[in-house]
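**Student:** Spelled out from the first residue to the last, the chains are:
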Amino acid sequence: MLPFDFEYYKPASLKEAIDLYQTAAKNRKKPMFISGGTELITLGRINLVHTEAVIDLKDIAECMVMQFEGDYLVIGSTLSLTKIEETNHFPLLTKTASEVADHTSRGKITLGGNICAQIFYRETVLPFLLADSQVVIVGPSGIKVSPINNLFHEQLQLGTGEFLIQVATAKRFVTAPFVSIKRRQQWDTGYPLITVAALKIGEEVRVALSGLCPFPFRSKKVETLLNNREWPIEDRVNSALSELPGPILNDVEGSAEYRLFVLRNLLHDVLEVLGAS
Amino acid sequence: MDVIGRSILRKESQDKVTGRARYTHDHHSNTMLSGKVVISPYGHAKIVKIDTIEARNMPGVKAILAGEEFPLTGEDIRDRPPLAVDKVRYHGEAIALVIADTPGQAKKAADRIKVQYELLPVVHSPTQAFQKDAPMVHERLGEYIKEKHTTPVPGTNIATHIKIRKGNMEKGWTESVTTVEADFSFPPSDHVAMETRCSIAEILPDGTIKIMTSSQAPFMVKQLIAKYFNEDIGKIIVETPFVGGAFGGKASVQLEILAYLGSKAVGGLPVKILNSREEDILMSPCHIGLDAKIKFGADHLGIIKVAEIRYLWDSGAYSDKAIDLTRAGAVDCTGPYNIENLWCDSYCMYTNHPYPAPFRGFSHSELSFAIERTMDLLAQKLQIDPLELRYRNAIMKGHTTPTRVLLNQSNVGDLQKCIVRLKELISWDEGQVKEMNNRLVRVKGISCSWKTSTIDPNAPSGVILTFNRDGSINLMSGVIEIGTGTKTVLAQILAERLKMNVDNIHVKMEVDTQTTPEHWKTVASRGIYMAGRALLEAAEDVINQLREIASIVLRAPKEDLEIADSRVFLRDNPLMGLHFQDICYGYQYPNGNSIGGQIIGTGNFIMRHLTHLDPETGAGKPGPEWTVAAYGVEIEFDRRDFTYQLVKAATVVDIGTVLNKKAALGQVMGAMSMGLAFAGRETFYFDQLGRVLNPQLRTYRPLHYGENPEYLVDFVHTPDLEAPYGARGVGEHGLLGMPGALGNALSVAAGVSLHHLPLIPELIWKTKEAKS
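Just so you know, the protein sequences line up as chains A and B, in that order. Counting along the first sequence from 1, when you hit position 151 you're at 150 in numbering that gives the first Met the number 0, and nothing is skipped either side. Counting along the second sequence from 1, when you hit position 341 you're at 340 in numbering that gives the first Met the number 0, and nothing is skipped either side.
Source of the hints: derived by calculation from the structure; they are not laboratory data. Here the structure is a predicted model, which is why all the values come from computation and not from measurement. Warning: the hint list may mix true and false statements.
Said to hold, decoys possible - Straight-line distance between alpha carbons at most 30 Å, and here's what the computed DSBU-like set of lysine-lysine pairs gives:
| id | chain 1 | residue 1 | chain 2 | residue 2 |
| --- | --- | --- | --- | --- |
| 1 | B | 433 | B | 226 |
| 2 | B | 86 | B | 113 |
| 3 | B | 422 | B | 498 |
| 4 | B | 106 | A | 25 |
| 5 | A | 57 | A | 28 |
| 6 | A | 9 | B | 498 |
| 7 | B | 147 | B | 162 |
| 8 | A | 220 | A | 199 |
| 9 | B | 380 | B | 292 |
| 10 | A | 107 | A | 170 |
| 11 | A | 28 | A | 94 |
| 12 | B | 396 | B | 422 |
| 13 | B | 660 | B | 15 |
| 14 | B | 263 | B | 226 |
| 15 | B | 15 | B | 498 |
| 16 | B | 113 | A | 28 |
| 17 | B | 145 | B | 106 |
| 18 | B | 380 | B | 765 |
| 19 | A | 29 | A | 57 |
| 20 | B | 113 | A | 29 |
| 21 | A | 29 | B | 106 |
| 22 | B | 498 | A | 94 |
| 23 | B | 106 | B | 147 |
| 24 | B | 106 | A | 107 |
| 25 | B | 162 | A | 107 |
| 26 | B | 396 | B | 294 |
| 27 | B | 106 | A | 28 |
Bound-form chain A, shown alone (with noise of 0.2 Å):
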């Protein structure tokens, strides 16, 4: 049950729903944009979330398409997990966000709402940080499109009344090889300990991550010394790792210290798989 009144909008345009928002702003509602849901409501009862005003983006058009556009991938910000992973246009992001939550709950979690997510795993921006994608937002000054790894620092840096509508993704990166591995605490079910994805570009490889730092990322720096291939592997990995943003995490999940054990491993199995050593 949620402890607070809100007024809910559904707009069917992008048009209204950023006047809407606009609207509601004004009248001090603290307007959310939501699609699938799941935070609005799992955090709002625990009142980690408030709002007067929620616009429900499910009905927009543009935020449901999923489709090839010329070279690149195009797929709407609200549409659920499921369905991008039965559809399966880009294995990298299936194999992410079929390891998101749980079966039921990913009926319901959109792409969008989890790239803009409150908790902070944020696991699908990882395919599109590795892809260089292009992500296409809206807001009172009309629509835009820019490098996700321009706009995405921990979170996607939106302005007031913006939201995502879509991210495009060039084709040769939709189907580069990749490994994507979540490991958890323990078994199949819960947040990430950490969750690492990597795309091979040619000899390049790149690696992304969630679950090591209270965001996810991508870090050239890190990159660079993963690719040195004049070094073993070994001597690659210890660099990379005392090239890591901070803090690391240290919580119920694991300590600091044994999620850079699992790192160190992680990021071995990368490059061994994706054939860089």
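We have chain A; now place chain B onto it with these hints.
**Tutor:** Same frame as chain A, now just chain B:
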């Protein structure tokens, strides 16, 4: 008849699979108000101020209870205020109760209650609580009302101390050539039953107190509310519909008290309190933690000559059921092994953790982890096969238990037979370790267990049988249908005894303490044993009455009459007889004259010869019989990552007699699943302020479908001559050996001795790191 042993479908299964079964929270009424509890955010803190002004002015608020001194509650020691006053002793302790028109209004108002705390030093573990300079959880322990056999030590954190002194320790050590000694510990955890607890209370104008509650112990609710609040016991009526899983957690009485106080505060209107998952995990009683120290001495053949055991049970903030848990842990302290020289100290320790309810197995899965890991350490030291070591030490008839009960062919199962069967079931002879590749290895771990049910010596169970006009029978017992299928099995027992079709026996699922005969509590795998015996007595009563009237009508002596297929007939001429429907409401002659009348069968049962324990030696008879079992767990372990998968899990229980095959298998497998989750993942993580960091299903994770191993279950049949058709309790036993067997498998696989739960890869990594 062949009803016994058959996999009769549960009588309530249609209702449950269609979603029509009603649980406590499914009961609503127009006048019903909602209660919301405000809980403590800290483990140990002084309450400086509770500000309810803003909350009182919120819409719909009818009453707020806070800061008021109500009578203290608690089963053996009355140490627990229904709502905290002066200080809070655990994270989740109830501190205020808001009553409002709707759940939403109650929650909104509860969010506006401001409490000012002053932090106090936190007692983080029973071992810390046992230290001389530990902070006091209960400063006034000496002033509490307590039961006669409870032994709190004022000025300490000891809520009770149970001593077992048997044999001659010096002799035992002298006869030993090897000793092993080890410490084990694990924090509290939870039951996470699917249905969170819910209670509704109402006080009618005539003073009748009506409570509906998701409880395993509605008759205890009635007794305790009468006792705590000086109410007239006859005016308290407790109803329990279906209960959505309990596992011991609903044997404690807590929410009922709050609902009762809430109703009282609003002039007796009905008040419902439904726990959120977080409240169910934090506020309501949890699964006990333990710090154990075990020392065994053995001769060169591995025969254990002596044992010194210390259990420090984590009673959390309040003693409630922990006193009984401490006693149960003492009486079976050795595990299922014959140890003649024994010294055990079982302490119930106050800490600043949530306080425990019973948990499926009642202290036995917990102590078994410590004992079974020690058994493996002994086997390793002596280079004896661990299964063989257990076989050699297995307790059996002729031996005495730690509390000196002499075992015979009936009151204990055959552990050696269980071990032999387990050995085949898990292909033990193929070896304990199988290399898969340079990283993966498959390893088997084994364990054994035993358990008696330490229930109150005068615990009653009663059954009433009535007839319908068609000769079918209504069966009424106070056993709660908590998901175990017990009531269906009772119908099977009656069908077997009366040689009739089980479909013609109708079972009343709901319990109402005013009209249902009392069954003490639906706990301790004692449903069938006690209610079954009461039922058989009620069946005799019915048989006698049926024969009596039939003998008049048939003009034949009672002794010549047989009963089968809902008929009473002449043994030598079955065609001459009467259907139940012709006599169960009296027999009417053609001219209208009638004799006999409505047949009502009654039966009751009370345990025989149970005693309290001797305070100095522990001697006494704590329970009726011991069920024994042997277990195996096979894992696939990654020697680089220290991760593992559960491959197979096996349990062989001496069940006496299988009453309902699939129900029994379901009970054992369900319990195994719970045991593996407890051993492998479920635990509370605490911070320095004593806060539970994972009170949600996001972070507190029971075993999910697909994570489970393949389950192998088999039974040995040594009948308990006192039990209905020889059946032994089986509701808990699948769980008991899982932590030990998993710990043993992982210790072999990882090459380090593991002493803590849960057995997560990080624990193995940490233990490895510490060793290197």
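**Student:** Each hint: holds or not?
**Tutor:** Status of each hint after checking the structure:
1. 433/B x 226/B: violated (59 Å)
2. 86/B x 113/B: With a Cα-Cα distance of about 15 Å, the restraint between residue 86/B and residue 113/B holds, given a limit of 30 Å.
3. 422/B x 498/B: Since the Cα atoms of residue 422/B and residue 498/B sit roughly 38 Å apart, the hinted pair is violated (cutoff 30 Å).
4. 106/B x 25/A: holds (28 Å)
5. 57/A x 28/A: Distance ~20 Å between residue 57/A and residue 28/A Cα, so the pair holds.
6. 9/A x 498/B: violated (64 Å)
7. 147/B x 162/B: Roughly 16 Å separates the two Cα atoms, so the pair holds.
8. 220/A x 199/A: holds (16 Å)
9. 380/B x 292/B: Given that 30 Å is the threshold and the Cα spacing comes to 18 Å, the pair holds.
10. 107/A x 170/A: OK: residue 107/A and residue 170/A at ~27 Å, within 30 Å.
11. 28/A x 94/A: Roughly 38 Å separates the two Cα atoms, so the pair is violated.
12. 396/B x 422/B: Holds, because 22 Å separates the two Cα atoms, which is no more than 30 Å.
13. 660/B x 15/B: Roughly 20 Å separates the two Cα atoms, so the pair holds.
14. 263/B x 226/B: Distance of about 16 Å is within 30 Å: holds.
15. 15/B x 498/B: holds (28 Å)
16. 113/B x 28/A: This hinted pair holds, its Cα atoms lying about 25 Å apart.
17. 145/B x 106/B: violated (36 Å)
18. 380/B x 765/B: holds (23 Å)
19. 29/A x 57/A: At roughly 20 Å apart (the allowed maximum being 30 Å), residue 57/A and residue 29/A satisfy the hint.
20. 113/B x 29/A: The given pair, whose Cα atoms are some 25 Å apart, holds under the 30 Å limit.
21. 29/A x 106/B: holds (21 Å)
22. 498/B x 94/A: violated (59 Å)
23. 106/B x 147/B: violated (41 Å)
24. 106/B x 107/A: The given pair, whose Cα atoms are some 26 Å apart, holds under the 30 Å limit.
25. 162/B x 107/A: Given that 30 Å is the threshold and the Cα spacing comes to 56 Å, the pair is violated.
26. 396/B x 294/B: Holds, at about 25 Å.
27. 106/B x 28/A: Distance of about 21 Å is within 30 Å: holds.
The structure does not agree with the numbered hints 1, 3, 6, 11, 17, 22, 23 and 25 stated previously, though it agrees with the rest.
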